[in-house]
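Top to bottom, those sequences are chains E and F.
According to the working numbering, the first sequence is numbered sequentially starting from 1.
According to the working numbering, the second sequence is numbered sequentially starting from 1.
No wet-lab data here; the hints were simulated from the structure.
Cβ atoms here follow ideal geometry from the backbone N, Cα and C, with glycine treated the same way.
Some hints here could point you the wrong way.
Stretch by stretch, here's where chain E covers chain F in the computed footprint (C-beta under 8 Å, at least three residues) [said to hold, decoys possible]:
1) 73–82
2) 93–104
3) 177–188
4) 250–258
In silico BS3-like cross-links for lysine-lysine, where the CA-CA straight-line distance does not exceed 30 Å [as the list claims (entries may be wrong)]:
5) E:Lys-297 x F:Lys-352
6) E:Lys-126 x E:Lys-269
7) E:Lys-241 x F:Lys-448
8) E:Lys-218 x F:Lys-18
9) F:Lys-292 x E:Lys-3
10) F:Lys-352 x E:Lys-199
11) F:Lys-403 x E:Lys-225
12) E:Lys-272 x F:Lys-292
13) E:Lys-199 x E:Lys-3
14) E:Lys-183 x F:Lys-448
15) E:Lys-269 x F:Lys-18
16) F:Lys-352 x E:Lys-183
17) E:Lys-269 x F:Lys-400
18) F:Lys-453 x E:Lys-269
19) F:Lys-229 x E:Lys-134
20) F:Lys-203 x E:Lys-199
21) F:Lys-151 x E:Lys-3
22) E:Lys-269 x F:Lys-352
23) F:Lys-9 x E:Lys-183
24) E:Lys-318 x E:Lys-286
25) E:Lys-3 x F:Lys-458
26) E:Lys-199 x F:Lys-18
27) E:Lys-318 x E:Lys-134
28) F:Lys-453 x E:Lys-3
29) E:Lys-272 x F:Lys-403
30) E:Lys-225 x E:Lys-320
31) E:Lys-183 x F:Lys-451
32) E:Lys-3 x F:Lys-451
33) E:Lys-241 x F:Lys-292
34) E:Lys-3 x F:Lys-9
35) F:Lys-458 x E:Lys-272
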Amino acid sequence: MQKEFIKGNEAVVKGAILAGCTHYFGYPITPASEIAHAAAFYLPPTGGIFIQAESEVAAINMVYGAAGAGARVMTASSGPGISLKAEGFSYLAGAELPCVIVDVMRAGPGLGNIYPEQGDYNQIVKGAGHGNYKNIVLAPNSVQEMADHGYMAFELAEKYRNPLVILTDAYIGQMMEPVQFPKEVKKVKHFDWAIYADKASRHNLITSIVMSADELEKHNIKLNKKYAEMEKNDTRFEGYKLDDADVVFVAYGVSSRIVMSAVDILREKNIKAGLLRPITLFPFPKKACMDVAGYAKRMIAVELSNGQMVDDVRLAVKGKKEIEFYGRMGGMTPSVEEIVSIVE
Amino acid sequence: MSNILEKPKSFYTDFTRKGSADVITTHYCPGCGHGILHKMIAEAISELGIQDRTVFISPVGCSVFAYYYFDTGNVQVAHGRAPAAGTGVKRALPNSIVISYQGDGDLAAIGTAEIIHSANRGEAMTMFFVNNAIYGMTGGQMAPTSIIGQKTTTSPYGRKAENEGYPIKVSELISQLDAPVYVERVSLADVASRNKARTVVRKAIQNQIDGKGFSFVEVLAACPSGLKKTPLETNEWVKNTLHTIFPLGCYKDETATRTPRFAPAINPTSDQVLTALNLKDDHSDYKASVDKKNFIDQNVKIAGFGGQGVLSAGTTLSVLAMYENLEVSWIPSYGPEMRGGTSNCNVRLSNKRIGSPLVENPNILIAMNGPSLEKFESAVRPGGTIIVNSSIIDAKVSRKDVKTYYVPVTGIATEMGVPAAQGVAALAAYLAATNVIPVEKLEHVVHKSLKRKELADKNIAIIRKVAEYITKGMEDNKKCLTGF
Numbered sequence: 001m002q003k004e005f006i007k008g009n010e011a012v013v014k015g016a017i018l019a020g021c022t023h024y025f026g027y028p029i030t031p032a033s034e035i036a037h038a039a040a041f042y043l044p045p046t047g048g049i050f051i052q053a054e055s056e057v058a059a060i061n062m063v064y065g066a067a068g069a070g071a072r073v074m075t076a077s078s079g080p081g082i083s084l085k086a087e088g089f090s091y092l093a094g095a096e097l098p099c100v101i102v103d104v105m106r107a108g109p110g111l112g113n114i115y116p117e118q119g120d121y122n123q124i125v126k127g128a129g130h131g132n133y134k135n136i137v138l139a140p141n142s143v144q145e146m147a148d149h150g151y152m153a154f155e156l157a158e159k160y161r162n163p164l165v166i167l168t169d170a171y172i173g174q175m176m177e178p179v180q181f182p183k184e185v186k187k188v189k190h191f192d193w194a195i196y197a198d199k200a201s202r203h204n205l206i207t208s209i210v211m212s213a214d215e216l217e218k219h220n221i222k223l224n225k226k227y228a229e230m231e232k233n234d235t236r237f238e239g240y241k242l243d244d245a246d247v248v249f250v251a252y253g254v255s256s257r258i259v260m261s262a263v264d265i266l267r268e269k270n271i272k273a274g275l276l277r278p279i280t281l282f283p284f285p286k287k288a289c290m291d292v293a294g295y296a297k298r299m300i301a302v303e304l305s306n307g308q309m310v311d312d313v314r315l316a317v318k319g320k321k322e323i324e325f326y327g328r329m330g331g332m333t334p335s336v337e338e339i340v341s342i343v344e
Numbered sequence: 001m002s003n004i005l006e007k008p009k010s011f012y013t014d015f016t017r018k019g020s021a022d023v024i025t026t027h028y029c030p031g032c033g034h035g036i037l038h039k040m041i042a043e044a045i046s047e048l049g050i051q052d053r054t055v056f057i058s059p060v061g062c063s064v065f066a067y068y069y070f071d072t073g074n075v076q077v078a079h080g081r082a083p084a085a086g087t088g089v090k091r092a093l094p095n096s097i098v099i100s101y102q103g104d105g106d107l108a109a110i111g112t113a114e115i116i117h118s119a120n121r122g123e124a125m126t127m128f129f130v131n132n133a134i135y136g137m138t139g140g141q142m143a144p145t146s147i148i149g150q151k152t153t154t155s156p157y158g159r160k161a162e163n164e165g166y167p168i169k170v171s172e173l174i175s176q177l178d179a180p181v182y183v184e185r186v187s188l189a190d191v192a193s194r195n196k197a198r199t200v201v202r203k204a205i206q207n208q209i210d211g212k213g214f215s216f217v218e219v220l221a222a223c224p225s226g227l228k229k230t231p232l233e234t235n236e237w238v239k240n241t242l243h244t245i246f247p248l249g250c251y252k253d254e255t256a257t258r259t260p261r262f263a264p265a266i267n268p269t270s271d272q273v274l275t276a277l278n279l280k281d282d283h284s285d286y287k288a289s290v291d292k293k294n295f296i297d298q299n300v301k302i303a304g305f306g307g308q309g310v311l312s313a314g315t316t317l318s319v320l321a322m323y324e325n326l327e328v329s330w331i332p333s334y335g336p337e338m339r340g341g342t343s344n345c346n347v348r349l350s351n352k353r354i355g356s357p358l359v360e361n362p363n364i365l366i367a368m369n370g371p372s373l374e375k376f377e378s379a380v381r382p383g384g385t386i387i388v389n390s391s392i393i394d395a396k397v398s399r400k401d402v403k404t405y406y407v408p409v410t411g412i413a414t415e416m417g418v419p420a421a422q423g424v425a426a427l428a429a430y431l432a433a434t435n436v437i438p439v440e441k442l443e444h445v446v447h448k449s450l451k452r453k454e455l456a457d458k459n460i461a462i463i464r465k466v467a468e469y470i471t472k473g474m475e476d477n478k479k480c481l482t483g484f
């Protein structure tokens, strides 16, 4: 067994490069900058490309170009930079271009501060840019998962020809844990829709403009079918001591780590607590929420936000269970005892 | 040169992408410059034999639909972003011929940053900038290149320098940068100008084929609909007005002296990737010694001031624990905790999956300076252990429900000539005092992480000295141990 002790922000890059990522376009921002540092360090020796773009806007549009050319390409940022990239998200989704974007959430609104928060949930899960579209959203809660998600993200994005966001937070990005990396480098696929600057692909067109209302409605319906397929086939979650739980927390990212410790303490006190951890935020594990609502006495969403994911839990259980909410903001984090005390 | 009355081969025979019954004519208005420039570009693509390699980047504005006409690879992009998207294409496909095409609002207003920086990077692309001094598609609004006094739908009283500034001279700006190889401004207003323009278009594309870098062509063109003039009147206006404000000519040409540069295709091998990622670190030579089953969770806080190696002491401990096959998490000081003269890190070691990586109530506190002891002493769990850096901290731990070891780690490290090793010295104290992991195992990590043998040897000497200090202290009837 060979593990590497590594930061979350670096692990996601190594995972992505192992998955065949050859291009990174980005702009520095705390607490996501180590992702750019790692890409700048590791990509050129592989023959890949790193460019520090002039802006977040330029970076996401470079991603658009490279994705259109069939490359495995990624970028990363944090709240304020993600807001700037939002236009590009919408174009990528409209033009059906697979790519990977990492959002290492900091606290907002505005410039806020650089401490961890989960206040970008609505921005990322509900879209960020204009129009009817969805990002596929992965929510790692460990450094190992940062690596794993970086490794699996491209194939998932390509399966649906859709942008994918790894939504993480300043804790998961900055912390270090041992990681087991895969030893197999993934092969980049050849797509029949991409531009390769050759005769076979010459007729291909990458665009998000559809001038006829009728055609654009059809395009939207097609996109929505994709989103439905994602919900059917690619929803992921983890249950922790969930099966017999009376009190079920719903939490993702670093919140789920804190809750996990609280669950252990509650169990020691003979309170049957459990955790439902969404790993995909879109598609959201609706069925798992509904199942839990069928047997749990209490369901409590815990987030570092003013209550964003909790809305998806409420929609998922369709009023079957009252969903409680506990949140901290501004870079403040609940202690394990604080979570325990909600239940006691 | 081919017959100019012939439709270039790089245009589609029928413009079916228009989605209308008319597949013969373009969607451009009579007298518009786009049709003329499109044809010049298409002719050049055909004659230079690069149709299959060409990727045309369509902007926002009337030429958003350039892909109706060009039988090449086509990428349609957001407003202002053609040079950025073009960069992405070119960097992914170094063998492609990327033609980026933008109007004046697109390039010189909303996309100023992208054009300047793609030029400054010297992206190996050919850029066409259609300057007709007006926004066409959105309805005749003021452009960054509109002239002083020009009446538009958003400058109904005429453009005023004091309110909107002056028409921006992009060729002049771009030509000031080091990277671009070729910058020229041409016009489509009369036959002579068009003949010149045709040559310039060709040269700008040829440069890319030849690996010469970034070429920029500004084209003064007519927009009769936007300018609310007849085609002939518009051409006259372009000649009489725009030509005087935007002088035609070559602003930069280093074509002859540039060394060609061709980026290699991007196709990393597995070996290249694995080597670059340095995934070959093998610690199979390490023999784990901890009884994992009976391991007691260690929630460690290491705190001190900057320069005491607090964070790296944490990572060293973590790596050691990883070699011992334990679960580990490390996180630097966070949030409001960062204030108050101490930097710190939290390390958790366990035989089970670790929940919260944060250490609110450590069972091990390594206090490297006074403020750290003051701040965290009360947080330590009853029965926990505090390592006090007695070289720096005069205060004594007041709690009676914890074990305290006073160890002059800064002093020992400094005496041995490596003050930077005080963090490692503190770790040695912790391991020697608790035997959570045998302290000599720390030597293995030090050997691995310090490439300079001399430095590694000194660190190891420090570890041994600290370990001896602890052991002897215990024997000498608790010289350094208090509490309990």
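Hint by hint, here is what the structure shows:
For the region 73–82 of chain F, the assignment as covered by chain E holds, since 7 residues bring a beta-carbon within under 8 Å of that chain's beta-carbons and 3 suffice. With 4 residues bearing a CB less than 8 Å from a CB of chain E, the region 93–104 of chain F meets the requirement of three and the coverage assertion stands. Residues of the region 177–188 of chain F with a Cβ under 8 Å from some Cβ of chain E number 0, which does not satisfy the need for three, so the listed coverage is violated. Interface restraint, the region 250–258 of chain F with chain E: violated (0 residues with C-beta to C-beta distance below 8 Å; minimum three).
Restraint check for Lys-297 (chain E) and Lys-352 (chain F): the C-alpha separation of about 28 Å stays at or below 30 Å, so the hint holds. Using a Cα cut-off of 30 Å, the hinted pair Lys-126 (chain E) and Lys-269 (chain E) is violated, with the two alpha carbons roughly 38 Å apart. The suggested pairing of Lys-241 (chain E) with Lys-448 (chain F) is violated, with an alpha-carbon distance near 39 Å, which exceeds 30 Å. For the given pair, Lys-218 (chain E) sits about 18 Å from Lys-18 (chain F) by alpha-carbon distance, which is consistent with the 30 Å threshold.
Proximity of Lys-292 (chain F) to Lys-3 (chain E) is assessed by CA-CA distance (about 17 Å); at most 30 Å being required, the pair is judged to hold. Between the alpha carbons of Lys-352 (chain F) and Lys-199 (chain E) the distance comes to roughly 56 Å, so the proposed pair goes past 30 Å and is violated. For the hint pairing Lys-403 (chain F) with Lys-225 (chain E), the CA-to-CA distance comes to about 63 Å; that exceeds 30 Å, so the pair is violated. Restraint check: the Cα-Cα separation between Lys-272 (chain E) and Lys-292 (chain F) comes to about 27 Å, which is no more than 30 Å; the hinted pair holds.
With a CA separation close to 45 Å, the supplied pair Lys-199 (chain E) and Lys-3 (chain E) exceeds the 30 Å bound. Proximity of Lys-183 (chain E) to Lys-448 (chain F) is assessed by CA-CA distance (about 22 Å); at most 30 Å being required, the pair is judged to hold. Taken as a hint, the Lys-269 (chain E) and Lys-18 (chain F) pair is broken in the structure, with Cα atoms around 70 Å apart against an allowance of 30 Å. Between Lys-352 (chain F) and Lys-183 (chain E), the direct Cα distance comes to roughly 25 Å. Compliance with the 30 Å bound is thereby established for this hinted pair.
Pair hint Lys-269 (chain E) plus Lys-400 (chain F) holds up; C-alpha atoms about 27 Å apart against a cutoff of 30 Å. A hinted pair counts as satisfied when its Cα atoms are at most 30 Å apart, and Lys-453 (chain F) with Lys-269 (chain E) does not qualify at roughly 52 Å. Among the hinted pairs, Lys-229 (chain F) with Lys-134 (chain E) is inconsistent with the structure: their alpha-carbon atoms are about 45 Å apart, more than 30 Å. For the suggested pair Lys-203 (chain F) and Lys-199 (chain E), the alpha carbons sit about 24 Å apart, so the restraint of at most 30 Å is met.
Between Lys-151 (chain F) and Lys-3 (chain E) the CA atoms are separated by roughly 68 Å; this puts the pair beyond 30 Å, and the hint is violated. Pair hint Lys-269 (chain E) plus Lys-352 (chain F) holds up; C-alpha atoms about 19 Å apart against a cutoff of 30 Å. Proposed proximity of Lys-9 (chain F) and Lys-183 (chain E) is contradicted: the alpha carbons are some 48 Å apart, above 30 Å. Between Lys-318 (chain E) and Lys-286 (chain E), the direct Cα distance comes to roughly 10 Å. Compliance with the 30 Å bound is thereby established for this hinted pair.
The straight-line distance between the Cα atoms of Lys-3 (chain E) and Lys-458 (chain F) is roughly 27 Å, inside the 30 Å bound, and the hint therefore holds. Using a Cα cut-off of 30 Å, the hinted pair Lys-199 (chain E) and Lys-18 (chain F) holds, with the two alpha carbons roughly 22 Å apart. Taking the CA atoms of Lys-318 (chain E) and Lys-134 (chain E), the gap is about 21 Å. The hint holds against a cut of 30 Å. Restraint check: the Cα-Cα separation between Lys-453 (chain F) and Lys-3 (chain E) comes to about 24 Å, which is no more than 30 Å; the hinted pair holds.
As the CA atoms of Lys-272 (chain E) and Lys-403 (chain F) are separated by approximately 35 Å, the hinted pair breaks the 30 Å bound. Our distance criterion of 30 Å between C-alpha atoms is met by Lys-225 (chain E) and Lys-320 (chain E), whose separation comes to about 27 Å. Between the alpha carbons of Lys-183 (chain E) and Lys-451 (chain F) the distance comes to roughly 25 Å, so the proposed pair stays at or under 30 Å and holds. For the hint linking Lys-3 (chain E) to Lys-451 (chain F), the alpha-carbon distance of about 20 Å falls within 30 Å, and the restraint holds.
Between Lys-241 (chain E) and Lys-292 (chain F) the CA atoms are separated by roughly 23 Å; this keeps the pair inside 30 Å, and the hint holds. Under the criterion of a C-alpha separation no larger than 30 Å, the hint pairing Lys-3 (chain E) with Lys-9 (chain F) is inconsistent with the structure, at around 57 Å. In summary, the hint linking Lys-458 (chain F) to Lys-272 (chain E) is not supported, as the alpha carbons are separated by about 52 Å, beyond the 30 Å threshold.
Of the hints listed earlier, those the structure fails to meet are numbers 3, 4, 6, 7, 10, 11, 13, 15, 18, 19, 21, 23, 29, 34 and 35, in rising order.
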